[in-house]
Structures are given as C-alpha cells and as structure tokens.
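Residue numbers (our numbering), protein chains in the order written: chain A, 1 to 340; chain B, 1 to 85.
Some clues are possibly wrong.
Here are the simulated DSS-like pairs of lysine-lysine, each with C-alpha atoms no more than 25 angstroms apart in a straight line [what the hints assert, rightly or not]:
(1) A:35 / B:77
(2) B:53 / A:104
(3) B:20 / A:57
(4) A:71 / B:17
(5) B:17 / B:77
(6) B:20 / A:104
(7) A:57 / B:77
(8) B:51 / A:104
(9) A:35 / A:2
Listed next, the stretches of chain A that the computed footprint assigns to chain B, with coverage defined by at least 3 CB atoms under 8 angstroms from CB atoms of chain B [stated by the list, open to error]:
(10) 84–94
(11) 98–107
Calculated directly from the structure, the hints in this document are not laboratory data.
Because the structure is a prediction, the values reported are computed rather than measured.
Note that the Cβ used here is the ideal one computed from N, Cα and C, for glycine as well.
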Amino acid sequence: MKCLGIESTAHTFSCSIVSNEENNKILSEARSIYKPPEGSGIHPRDASRNHMNNAEKILRIVFEQANVSIKDIDIVAYSAGPGLGPCLRVGAVVARAIASFYNKPIVPINHAVGHVELGIMLTGANNPLVLLVSGGHTMILIFSNKRWRIFGETLDITIGQLFDQFGRSIGLSSPCGNMIEKFAKLSDKYIQMPIIIKGNDVSFSGLLTRAKSIVSKNSILKNETKQEKINEVCFSLQETAFAMLTETVERGMSFTGKKEVLIVGGVSANQRLLEMLEKATERQNGRLYKCPYNYAGDNGAQIAWTGIMDYISTKRVITVENTFVRQGWRINTVDINWRN
Amino acid sequence: MSQIEIEINLNLKLGVKESKTILESLTPDNVNLPENLEIVMYNRRDSLIIKIKAIDSIETVTNTIDEILNHISLAKKVISNNDRS
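Working from the sequences, and respecting the hints, build out all of it.
In structure tokens, the structure reads:
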C-alpha cells in the first residue's frame, strides 16, 4: 500500500509518499518551511499563504522523486490537528481535493501520533517511553490500553516556544533552536535559572522570564560583551531546560520500568539534549532511540506512515465531507488500533 | 445605530466534476463560524455557488472571501496537474 501524506500544522508544508511494501519505505519527502521576519513569531495567515503558494510544487516533487503517479496511490492522509487553523485548512483542502477528484480513501491523522509512530518505525524501538519535544509539544508519553497516555507535559509553554520566544527577544527569527544551540556551545558559564518540576510536569515560563531579564539588564553592553552574555544565557537556558526534561524522563523510566526511550520532534535535533538523555538512559540501564535528524521536525512521512497504520487496522472509510481539522486535538484522545 | 448587513454571492463556473470536488474540499471547514457570519455553498450544474452573509463585520467578510478564493485556487491547481494522473 502507498500513502500520500500531507503535513501543514505550523511552519512546514510537507508531502511524502510512503509504502508499507518491502520493509516500509519512505519513497519521497519534500517540504517548504515558512520563515517569519527576524524578531517575529509565526503569523498563522502568513504561514498558510506560504503553504498555499508552495503546495503544488511540493506535490510535484514528491511524485517525481517517488516515480509514481496518482494511480499508484492507495490512500491520502493529512494532519488534522493539533495546529494553527489556517495552516491545517490548507493541508486538509489539498488532501480533500485529491481524495475527491481521484476517488481515494482519506485519513485524518493526529500530528503528534505521527511523530511518535514514524519515530518507532525508523528506529525499531519496541515499547518505548517517548519524549516528544517541538514547537507545539513537550510531553512524555507511554502506550497503555490502546492510547498514547501523557505521563508528564509542560504546564505552560513548550520547549520550542521557550527557545523561540527567547530567540525572538534577542532578534532571531523562528524557529530559533539551532541558533540558541550554536550560541550555547560558545560558553560554559552557568547563570542560575529556576528549575520548575511539578510531579512529572515541567514549567518553562519562569525560565523564559529570567533569561529575557538577564539579557535586557545587559542591553547597554557593547556588542562583543553583549554577545558573550547572550551565549552564557543560551548555555544556561539549555542546561536548565534539558535538565528538567532529563529528570522527568528518568522518573518516567524508573516509575514504568521501561528500558527504551524514544525522542522525537524538532528539538530532538539538539545534540546537548541527546547527550544528557544518553547519560540518563545509561543510568537506568536503558537505551535511547533517536529519530533521524531529517525526520525529527515536521514532515509528510509521519502523516503518510501513520495513515497506512490507521487505515490497515481500522479499514475506516471517512467521506471527504466528514473530514475535519481540530486545532486542539490531544494525542491521548486518539485510539491506536494497530498497537497492543 | 443601525446594523450593516453584507451579502455576497459568487458564481464560479468550474466544470461539473471540478466544482463537485471543490465543494467537497471546502465545506467541511464551514463549521464553528462566528454568530454574525453565514456561509452557504452548493453546486448548480457546472458551477459552484457561494453565498456569504455577515452582520457588522466587513473585515470578517473580506478575510473569509480571501481564504475561500485562495482555497478554490489551491484545490483547482492540485486537481488540474496532469502529471500525476
């Protein structure tokens, strides 16, 4: 079976063709990423315009890369949420148009489930504790009784929002994680930051306020010294936020007895976070599974692969008229019928 | 102060199959609309008919028409690419 997957929850418009024949293969994947102006966050309408302007080109690329035609596609899957309304609607319109015109089954997919399921497929993890870290999510998940259950999550902003909001305050453009990691590598001077862990949940807003206030107090410094201070704050921000995540992952491993940890989502590209999680999983005699860099961020393959799993296990046929987008679709409300 | 009622009717000749596809692609999102906005879409022969009614919100109407027309253009582009068939 071949599935065309369409992802459009936030910055990224991506399509992918995935096959479950011959050891599950991503036949093609292409994406267009909306970049807001420096110092600005994502504007949903502007991002959706980027998606509309690039959708046709991205579709053409994935069909060419995979060397297939629409006749070879068995189902069409799209990310139905959670995400930004105008962006979600672009992906849904593309998916519905193809499904309706070419008479293909259509499958709405939860974006977060897509991250987790593609991570499992690509890494070969069996029954992991999952750390999903991105601009839209910060949660620790375990599979139980047909659903991905939330063991711990952020109580306010996500780790991606922490980095983006701090990054924008120093003039970077979203997503800012890469630049913050780059600056953090240039310092080893730790500035005290608040660590907030409540049960298995974390809170990053106090950390953001502290980081922004340090930079603003030093705004009169000259360029070189100011950059040094920014590097110190980036280093301290990463160390603190990642220590909070590592602590909760270790708690999760200890509590559930799980020996596998899978990290997925855009922030899983951060080398320092991976390093800290490697040490934590070693301490618990476990193993860390990392989603490959190319598929850590939002991509159409996560939607296509989950579309295949969902369609095969449920054989559910949704008419195009009954498809939906849900901006606040929580992962723990989705039935996972293909996993025991 | 009296209310402003805005009513806009669009009649788009797209072809029978195309207008059915575009209708199916757009209508599922016409949910949870603000109280002062009403959207009706249907097919008549080879045309897609769209009626938008709003009270006291010109900005809502312009944004809605903008999104609807952009989505129609997008859906049309997606299905008119012969390379995929």
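Of the numbered hints stated previously, which ones are contradicted by the structure, given in increasing order? 2, 8 and 9
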